[in-house]
Amino acid sequence: MQINFESEKPIFIQLADWLSDSIISGAIKEGEQIPSTTEMSVQLKINPATALKGVNMLVDKGIIYKKRGLGMFVSDGAVEKLRKERQAEFFGEYIKKMLDEAAKLGLSKKDIIELIERG
Amino acid sequence: MRGIELKNLTKYYKDTKALEDVSLTIEYGKIYGLLGRNGAGKSTMVNLISNRIFPTSGEIYVDGEMSIENDTALRKIFTMSEHNLLPVDKKFKDAVKLVKMFYPELDEDYAFALADKFELDVKKKLMGLSTGYSSIAKLIIALASGADYIFFDEPVLGLDANHRDLFYKELIERYAQTGSTYIISTHLIDECASLIEKAIIIDKGKLIVSKDTERIMSDSYTVTGAAELVDKYTAGKTVIGSDTVGGIKSAYVKGKPENVPQGLEISKASLQSLFIQMTND
Amino acid sequence: MYTKKLLRATLNIKEILVMALMLAAIIAVFTFIEFQGARGDIDDIIEKNSIVTQEDLDKISVLSPAAVIAVFSSLAFGMAFLTQMTNLSLQVNVTRKHLYRAMLILQSICASIITLTVIPTMLGTNLLFSKFCTGDYAGLESKFRDAAFNTWVFSKDMTISSGIAEGILVMLLAVFVFTVIGTLLGMVLTRLRGAALAAVCITGFAIAVGLLIMLIFLHTRIISISVLAGVLIIMLIAQHRLIKTQSLDARTAVKVV
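Residue numbers (our numbering), protein chains in the order written: chain C, 1 to 119; chain B, 120 to 400; chain P, 401 to 657.
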């Protein structure tokens with residue numbers, strides 16, 4: 001994983017997103033341990049406090065939980081939770097942006113649907 | 120109160136104001152970036168805190184105690200700078216032992232393990248090291264010192280890209296292990312922007328800002344587009360600075376973007392570009 | 401505690417012993433050569449002249465090149481050690497108090513080495529002249545005694561015990577001068593700003609030089625030596641008090657003196 005330092009998104013959110021992606025895709029399964037904040041911060045060359053912030057965000061959402069002395073693990077049902085969250089964001093993140101871009105390019109709704117069927 | 124506190128710190132060299140009325144706090148256990156242009160006063164500040172030079176006026180407190188000529192307070196501080204102050208005829212491994220005489224918490228094993236990672240020959244005399252390896256030797260000793268407050272004054276001077284990368288990684292790892300306070304004084308702002316939790320920016324001897332890096336960056340944004348459009352948008356807003364290339368202008372604006380018209384792009388302001396704008400004449 | 405550590409870190413006992421032994425050997429050799437040469441000179445003087453003049457005596461060197469070597473080598477080593485020690489103290493955050501104490505001790509060691517190497521020279525010279533007054537050259541002492549023997553503080557009695565006494569005096573002088581010069585130069589070399597000892601040392605150095613000149617021209621040994629001893633004591637007290645107060649500005653330094 002690479003941090004995009006140019007991006008609008010704060011680093012800790014990028015980290016949280018990457019972890020979420022890994023969980024949804026099954027790269028890290030429910031019940032499995034996630035890399036330690038130290039590991040992640042060393043790999044990405046970011047401040048450990050930032051890494052911790054990203055992880056804590058997911059802990060607050062119930063995606064990850066801490067096992068005292070052992071580390072951090074993916075909660076059961078995390079995948080479902082994330083999917084629901086992402087679905088809710090889907091419209092704002094992708095659809096609206098697509099519609100804006102289409103408007104810029106002068107594409108009609110019919111054109112868009114054709115393109116979707118093509119893909 | 121754990122931390123280093125500077126109160127109205129001023130340093131004059133004859134008539135030159137190296138540091139003027141600087142007051143700030145360095146909290147224990149965080150990674151700080153001390154950023155400033157050449158001659159801004161960063162090294163002066165580090166040297167004052169390390170008791171290498173004395174202030175014209177003002178006070179320095181380390182964990183609540185006045186630190187000037189105070190052995191117990193100064194024990195908590197280790198400084199690595201461009202000056203080679205260790206006996207140059209000593210081999211690296213002997214230099215490590217020498218420092219340990221004064222900093223009993225120094226972790227020798229860690230120092231030698233690091234030397235191995237950097238491929239530094241511990242049997243080599245300090246004077247036989249290249250500029251790059253001289254810096255490496257110093258930063259290894261600094262990281263291993265076990266001090267509560269470790270100052271790195273331009274630590275990556277002469278280091279190639281691989282070694283710089285390795286240094287940052289080792290710094291983070293060591294920080295995660297020990298939780299000491301690291302203060303990195305540097306010009307290479309973008310390289311360490313993601314590393315530093317707090318940034319202290321000095322310009323012409325004065326303190327410009329001392330804040331969380333994230334807040335400095337989230338406090339402002341960049342708006343780019345055709346020059347007239349940008350000017351129209353930024354009218355009435357606090358503009359820190361701007362760059363113009365051809366007809367395209369990038370303005371660095373304080374606050375949050377609002378009602379951004381079509382044709383203008385909003386992006387994050389990098390710490391380096393903010394820094395340049397804040398410290399330009 | 402830090403004073404000891406600074407000294408241990410800077411001084412390598414082996415190195416110093418080797419250096420001292422080497423110097424002692426060089427000086428012993430030179431002194432012996434000088435001794436032989438001087439005997440030859442004295443024989444020439446006795447054979448050629450019936451009246452011995454000051455110039456004749458001056459030809460017999462008092463301060464052998466060996467002593468000069470000793471002085472300059474110790475000076476060089478001393479400066480190197482002082483610089484190294486000061487730099488080290490800056491790196492390991494040891495306060496000035498410990499550094500100055502260590503500097504004083506270091507300089508005393510250097511001064512002692514110098515003196516120890518100068519004593520054989522003087523002893524040799526004195527032994528040589530005591531030979532004039534006995535044995536081979538008995539009866540000729542009046543020829544030498546008439547000429548003023550105004551180099552340094554050498555005794556007209558020309559005996560071994562006075563040679564030792566002179567040696568001790570030279571040691572005191574050396575300690576004083578080197579404490580003063582050494583501390584000053586060490587601090588200047590390593591850019592210690594605000595060090596009040598510099599102000600004190602410059603004054604002390606000037607006084608020492610002035611006194612030495614007086615000594616050479618006045619020949620009134622007792623007075624000059626007492627004044628010298630007096631200044632030495634004042635300087636050492638002043639430095640000791642400065643170290644105690646850890647004062648670092650010139651005004652306080654002058655007040656203390």
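Bear in mind the hints are in silico, worked out from the structure with no lab data behind them. Predicted, not measured: the structure shown is a model, and the values here were computed from it. You may find that some hints are simply not true.
[Claimed, not checked] Cβ pair distances, simulated, as ranges: (1) C:D17 / B:G148: 41 to 49 angstroms; (2) B:N127 / C:K67: 47 to 55 angstroms; (3) B:N127 / C:E80: 36 to 44 angstroms; (4) B:G148 / C:E80: 50 to 58 angstroms; (5) B:I385 / C:A102: 16 to 24 angstroms.
Beta carbons: idealized from backbone N, C-alpha and C, even for Gly.
Right, here's what the structure says about each hint:
1. Distance hint check: the CB atoms of D17 (chain C) and G148 (chain B) are about 27 angstroms apart, inconsistent with the given range 41 to 49 angstroms.
2. A hinted range of 47 to 55 angstroms for the beta carbons of N127 (chain B) and K67 (chain C) is consistent with their spacing of about 49 angstroms.
3. Look at N127 (chain B) against E80 (chain C): about 58 angstroms separates their beta carbons, and that is not inside 36 to 44 angstroms.
4. At roughly 38 angstroms, the beta carbons of G148 (chain B) and E80 (chain C) sit outside the given window of 50 to 58 angstroms.
5. With their beta carbons about 21 angstroms apart, I385 (chain B) and A102 (chain C) fall inside the hinted range of 16 to 24 angstroms.
Hints 1, 3 and 4 from the earlier list are contradicted by this structure; the remaining hints agree with it.
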